[in-house]
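As a plain string of letters, each chain reads:
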Amino acid sequence: MTDVVYEAEGLRISATRKDGSELPIVKGVDFRVRRGQVVALIGESGSGKTTISLSALGYCKPGLTISGGQARLLGQDVTQMSTEALRPLRGEKVAYLAQSAAATFNPSLRINEQVTEAPVVHGTKTQAQADQRALELYRALDLPNPENIGSRYPHQVSGGQLQRLMAAMALCGDPDLLVLDEPTTALDVTTQIEVLKAFKKVIKDEGTAAIYVTHDLAVVAQIADYIVVLYNGKIQEKGPVDVIVNNPQHPYTKKLMAAVRPKPTAVEGDRTETVRDESPRVAAEHVTAGYGKQVGGLPLVKVLSDVSVDVGHGKTLGIIGESGSGKSTLARTIAGLLPASSGEVSLNGNLLPPDLRKRSKNDLRQIQFVYQMADTALNPRQRIGDILSRPLQFYMGLSGRERRAKVQDLLEMVKLPPEFATRLPHELSGGQKQRVNLARALAADPEVILCDEVTSALDSVVGADVIALLQDLRDNIGVSNVFISHDLSTVASFADEIAVLYAGRVVEKGPTDCVLQPPFHPYTKLLIDSIPEMDTSWLDQKKQAHSTSTKDLAKAWYNAESCPLCSRYPVVAPDPANKEDSIVHQISDKHFIECLRSRRVF
Amino acid sequence: MQALIAKRLFIGLVTMLAVSIIIFLGTKILPGDAAQIRLGQSASAENLANLREKLGLDRPYYQQYLTWLGNFLSGDLGNSLSGDAPISGLIADRYKNTLIVSALTALIGVPISLALGIAAAMYPDSYLDRSVSMLSVVLVAAPEFFTATLLVMFFVLFLGLGSTIVSGSTEGMGLFALIGHFALPIATLCFVIASQMIRMSRAALLNVMASPYIEMAILKGLPRRRIILRHALLNAIGPIVNVVALNLAYLVTGVIVVEVYFSYQGLATLIVQGVQTRDYVMVQSLGMIFCAVYVVIMLIADIAAIMSNPRLRHPR
Chain A
2 MTDVVYEAEG LRISATRKDG SELPIVKGVD FRVRRGQVVA LIGESGSGKT TISLSALGYC
62 KPGLTISGGQ ARLLGQDVTQ MSTEALRPLR GEKVAYLAQS AAATFNPSLR INEQVTEAPV
122 VHGTKTQAQA DQRALELYRA LDLPNPENIG SRYPHQVSGG QLQRLMAAMA LCGDPDLLVL
182 DEPTTALDVT TQIEVLKAFK KVIKDEGTAA IYVTHDLAVV AQIADYIVVL YNGKIQEKGP
242 VDVIVNNPQH PYTKKLMAAV RPKPTAVEGD RTETVRDESP RVAAEHVTAG YGKQVGGLPL
302 VKVLSDVSVD VGHGKTLGII GESGSGKSTL ARTIAGLLPA SSGEVSLNGN LLPPDLRKRS
362 KNDLRQIQFV YQMADTALNP RQRIGDILSR PLQFYMGLSG RERRAKVQDL LEMVKLPPEF
422 ATRLPHELSG GQKQRVNLAR ALAADPEVIL CDEVTSALDS VVGADVIALL QDLRDNIGVS
482 NVFISHDLST VASFADEIAV LYAGRVVEKG PTDCVLQPPF HPYTKLLIDS IPEMDTSWLD
542 QKKQAHSTST KDLAKAWYNA ESCPLCSRYP VVAPDPANKE DSIVHQISDK HFIECLRSRR
602 VF
Chain B
134 MQALIAKRLF IGLVTMLAVS IIIFLGTKIL PGDAAQIRLG QSASAENLAN LREKLGLDRP
194 YYQQYLTWLG NFLSGDLGNS LSGDAPISGL IADRYKNTLI VSALTALIGV PISLALGIAA
254 AMYPDSYLDR SVSMLSVVLV AAPEFFTATL LVMFFVLFLG LGSTIVSGST EGMGLFALIG
314 HFALPIATLC FVIASQMIRM SRAALLNVMA SPYIEMAILK GLPRRRIILR HALLNAIGPI
374 VNVVALNLAY LVTGVIVVEV YFSYQGLATL IVQGVQTRDY VMVQSLGMIF CAVYVVIMLI
434 ADIAAIMSNP RLRHPR
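The listed protein sequences correspond, in order, to chains A and B. What the first sequence shows, in the numbering used here, is residues 2 to 603, in sequence order. What the second sequence shows, in the numbering used here, is residues 134 to 449, in sequence order.
FYI, nobody ran anything at the bench for these hints, they're computed from the structure. Just so you know, these numbers come straight off a predicted model, no measurement behind them. The beta-carbon is built from N, C-alpha and C at its ideal position, and this holds for glycine as well. Take the hints with a grain of salt, since some may be wrong.
[Unchecked claim] Label pairs and their in silico Cβ distance ranges:
id, chain 1, residue 1, chain 2, residue 2, range
1, B, Ser-296, A, Met-82, 54 to 64 Å
2, B, Ser-264, A, Asp-78, 31 to 41 Å
3, B, Met-134, A, Pro-381, 33 to 43 Å
4, B, Ser-264, A, Gln-128, 35 to 45 Å
5, B, Phe-278, A, Pro-381, 35 to 45 Å
6, A, Pro-381, B, Pro-448, 27 to 37 Å
7, A, Ala-129, B, Met-134, 25 to 35 Å
8, B, Ala-136, A, Glu-403, 49 to 59 Å
9, A, Pro-381, B, Val-405, 44 to 54 Å
10, B, Ala-136, A, Asn-247, 53 to 63 Å
11, B, Met-134, A, Thr-125, 29 to 39 Å
12, B, Gly-203, A, Asn-146, 54 to 64 Å
[Stated by the list, open to error] To be clear about the criterion: a stretch of chain A counts as covered by chain B if any three or more of its residues have a C-beta under 8 Å from a C-beta of chain B, and this derived list gives those stretches:
id, stretch
13, 96-102
14, 109-120
Use the sequences and the hints to build the structure in full.
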């Protein structure tokens, strides 16, 4: 019994409604974490997993209270302790890692102060001892420039580095228990590997126990020893990782497993066999765009250079690449939000003015945008009906009964019940809000919908539903999609064509099956290889792939004489003899790979 | 960051220039010019023309404007129309009172207000918070003359302390003697400026307190005092500095009611006198000085807000 670090017994947590009644969130949960063990809590949002994990620190989000049961940390029941009594435990015995390191670091304080603060304030280490410990951790977590990184401010390091620095912050006080709340969900696949590796190594070396909260089963398979599957505040199934992954019993676990997309393979992309009208619906040709002042016809900060993509009628173009590669900028350029510096955007063969403000109402109607953050894209004070009415009135001039009827049609189209028209956005779940966003785009009766990471903020199960809806819409009303994501498996599951964007250039483009099978651009291969697999030994087998900051990558593109990836992808050795500019290799009729290197690499 | 500060400075200068043009044109639009005002309605056309030539009023507007601006910048504020005395002399008699009252009010009022606002934010929904919030709501609703009257009733009439009228020379007085001398106007003004600063510092802090990094600080087991003073306050400086600056500017330029109420001679009454006697040269000069005070104080606030932002202080 002595090796139990944390034990929840019949734990109940509830929210207090406005009228004073209680709404149970966590409905009696039992599990224990032993020393050196990583226990994963998995489930979709609303399953109570974050709430349970925070109870290990004796903390509840505002509005929640622990209403029953025990949560014993090293034998002490934290549910019965006062805030003052809990203070010495927090940061010392148990430490927390949040989903977004960018929001969790105080922007006004230097990193080192924040990392070393807990043990120094608690008096368990002197500042010098804490600094020493922090330095060890920076080294252990493979952070660049460990001697100096602490003197920087949070905005001066990259997202992946900040996520690792947060781990250093949690570990600095040598806690017995780490609580990790979706620590890699917000990261690109390529960065996620690095961070996961660092976490796993540190947890192993330090012998710390951990509670790992996530909705991503493939990640869990890499890092956890024991899995607790949660749904609606109750444990559905729990057991050692091998058992749950290889032989799930509970239907909900099976559903979660099904939502994990297998590694994309050549046969997976759907192909519409019938060859329709071949002229593209929307096309961007040789587009160069960026931010800042225009100097000599080029923007100061160039984000896209010479990008050409097109989407056919009723087709889906998937655009993938990691953050900073210019995916969203491309969508903004097509929509006219960011006018291209050079190059053309055309709709049904007609040239569109680069600037949104110069486009006609009909041009605007035909291209609609759906944003990643469903929350912030909806006006919190407007009812769903009003939100959907606005484009109907603006584009179609509808009013009165006609408009109300159309709102009902739209809700039905995105599979929401009609009574949602009178709801406010905050009454809806994340997936429902994203459906409303889609409905708003559909209200304009568009030809093209630009979907910018629409499923990235959603759980796998909810995200899969939204994808299914998009597929339906494409098949039934023939709307074309530009689907932007950093998640290759999501894109691969339903895009007809894929364009791989890297440092602002299309490095590979072609039908989905062609892109997903060799020959690859080395970057495409890196993306495919970075997707975690449902194999518990996958992470350990991964070769070291160094991640570089996007800024350096962009620099490399414009300066390097050799392939910008060679520093990161050692399989492809640099070829100093090759001084030619980028070459476009035509692999097949519609499949292109652009690389600075010569063809024999592939 | 230097570029940003330079930009602010430039905008400040442009604002001043624009205001000088508006002030100049404004006084030109008014019926009757300086010669007319000096000589009165019954003056002969010949006398008027002579005086106009002497004062340069017959020249084109832009020349008059440039001369006026040039003189103003070199410290020559011209002569008052009503008394024919140099305006700089009139201002010199008064600016001290204004400066002393506003400086002392700021010295006492700003720290107390901020401390109350921060204390209220430290213990939200406590009795302290509720009483402070109530106080600030009452204060924001009470006009200056009402507050002043209450203070006079209590201190002068009820306790028999001090007098309603602030008079006499302040020559050679020490800090505490000055505070005693201007006690009632200072107290009135402290109440006037307190409410906005209390509410703003409380709101700015509570806003920061809702951010994830504060939750993280709680989960690191830090004491509440450290969370507020080290983690939250640094991120709330921008809005707080701004509201403090607005109130300081008001202290220099807007205390007319208080000056009249306690009958001491300050700059705000001077400009009102200028308007009453149609002494537009005086109005022009004081208008420019008030504008300069406003611009300088807001500039300092802007620069402080820029400096408090680490993203601007330490670019990537």
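Evaluation of the provided hints:
1. A beta carbon spacing of about 59 Å between Ser-296 (chain B) and Met-82 (chain A) agrees with the range 54 to 64 Å that was offered as a hint.
2. One distance hint, 31 to 41 Å for the beta-carbon pair Ser-264 (chain B) and Asp-78 (chain A), holds here, with the actual separation near 37 Å.
3. In this structure the supplied range 33 to 43 Å holds for Met-134 (chain B) paired with Pro-381 (chain A), their Cβ-Cβ distance being about 34 Å.
4. For the pair Ser-264 (chain B) and Gln-128 (chain A), the supplied restraint of 35 to 45 Å holds, since their beta-carbon distance comes to about 39 Å.
5. A beta carbon spacing of about 42 Å between Phe-278 (chain B) and Pro-381 (chain A) agrees with the range 35 to 45 Å that was offered as a hint.
6. Taken as a hint, the range 27 to 37 Å holds for the pair Pro-381 (chain A) and Pro-448 (chain B), whose Cβ atoms sit roughly 33 Å apart.
7. For Ala-129 (chain A) paired with Met-134 (chain B), a C-beta distance near 32 Å keeps the hint of 25 to 35 Å intact.
8. About 54 Å separates the C-beta atoms of Ala-136 (chain B) and Glu-403 (chain A), a value consistent with the hinted range of 49 to 59 Å.
9. A C-beta distance of roughly 47 Å is found between Pro-381 (chain A) and Val-405 (chain B), which places it inside the suggested range of 44 to 54 Å.
10. Between Ala-136 (chain B) and Asn-247 (chain A) the CB atoms are about 60 Å apart, so this pair conforms to the stated range of 53 to 63 Å.
11. Look at Met-134 (chain B) against Thr-125 (chain A): about 38 Å separates their beta carbons, and that is inside 29 to 39 Å.
12. Evaluation of the 54 to 64 Å hint for Gly-203 (chain B) and Asn-146 (chain A) yields a pass: the beta carbon distance comes to about 56 Å.
13. A count of 4 residues in the stretch 96-102 of chain A with a Cβ less than 8 Å from any Cβ of chain B is obtained; the coverage claim is therefore met, three being the minimum.
14. With 4 residues carrying a beta carbon less than 8 Å from a beta carbon of chain B, the stretch 109-120 of chain A meets the three-residue requirement, and the given coverage holds.
The structure shown violates none of the earlier numbered hints.
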